[in-house]
Amino acid sequence: MKIKSSLMAMGLAVSLFHATAFAQSPAELNDLEIAHVAYVADNIDIRYAHLALAISKNPEVREFANTMIRDHEAVNEQALALLKKLNAQPQDNFLSKSLQINAEKLIDEMSKLRGDEFDKRYAANELAYHKAVNDLVENAFIPNIENAEVKALFEAGLQIFKAHEGHATMMVGKLK
Amino acid sequence: MKLPTRREALVNTAAALSAAVFTPTSLSRAIASDGPSITHNVEIRKFKFVPDHLLAKPGDTIVWTNLDIAPHTATANDRSWDTGMLKKGQSKSVTVSEIESGGYFCRFHPHMKAELQIEQKDSL
Ligand SMILES: [Cu+2]
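Residue numbers (my numbering), protein chains in the order written: chain P, 647 to 822; chain S, 3 to 126.
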């Protein structure tokens, strides 16, 4: 039986993804849709990181970006292995779509910045992005995932992304 | 007062998952300093080094094993030794020759910190 969405997670989802109006709520997604959202969210952060590596000259920002690529790819690898084992295909859905649309806009915007301006924007976005995704995963996804193995993977993922959130907080502080 | 010691860690290239038998070959000198050498295991899990404080002596071997999905390293704060990248399930053994006591961290996640304390014989 599904637990109804936490209002907090919904509010965050709305504010983060700038979706005009949701017909659905993140907590009502099924496991395969949740897996799709996670995969999309992972790849978005990898794209932000590649943008940072292309633009930033700050060694700390570059280190952080490399860690994002390394960790998110490791999570993706595990996710794909699990889906293969379960013989399941992730399902595209409204939340994946709005994440993508929002990311395109942000990449467009950030790719025009240079130097300090870029570094600060990238760091602030990493912090906001991990925070929002973590709230979504913790409050809307994990309580509703039905498959135990998928749930375990999300719990491990959450731990990684919380570490990233902490790391991003440090980076934002240093760039001030 | 402690004399400055030669800063040296012999990083075995013996790689992953061979957590079975470690036979350090280059220890003849260090082994003489104290009793039988021991293997210490440090697990990296949930973004922590466990244990995060370790007492070892020259001749001992330390094995780091990463249990997280995220790759990690164990790297001396002064960079005098480094396990290199450890992916999920991988181990690396470092032979304590005459490492100086000190902190180490994960290069990928700098908030992950731990401490290594190396016993030295006063009479050396
Ligand atoms: Cu690490």
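For the record, the hints were derived by calculation from the structure and aren't laboratory data.
Wrong hints could be hidden among the right ones.
[Claimed, not checked] Over 12 angstroms on every C-beta distance to chain P, these chain S residues come out as not near it, computed from the model:
#1 T41
#2 V65
#3 H113
[Stated by the list, open to error] In silico SDA-like pairs for lysine to any residue, Cα to Cα no more than 20 angstroms straight-line:
#4 K797(P) - K90(S)
#5 K90(S) - D754(P)
#6 K90(S) - K743(P)
#7 K743(P) - D754(P)
Note that CB positions come from ideal geometry on N, CA and C, so glycine has one too.
Tested hints:
1. T41: Holds, since 27 angstroms exceeds 12 angstroms.
2. V65: For V65(S), whose nearest Cβ neighbour in chain P is about 21 angstroms away, the distance exceeds 12 angstroms, so it holds.
3. H113: Check fails; 6 angstroms does not lie beyond 12 angstroms.
4. K797(P) - K90(S): This hinted pair holds, its Cα atoms lying about 19 angstroms apart.
5. K90(S) - D754(P): violated, 35 angstroms
6. K90(S) - K743(P): Distance of about 31 angstroms is beyond 20 angstroms: violated.
7. K743(P) - D754(P): holds, 17 angstroms
Hint compliance for this structure: hints 3, 5 and 6 are broken, all remaining hints hold.
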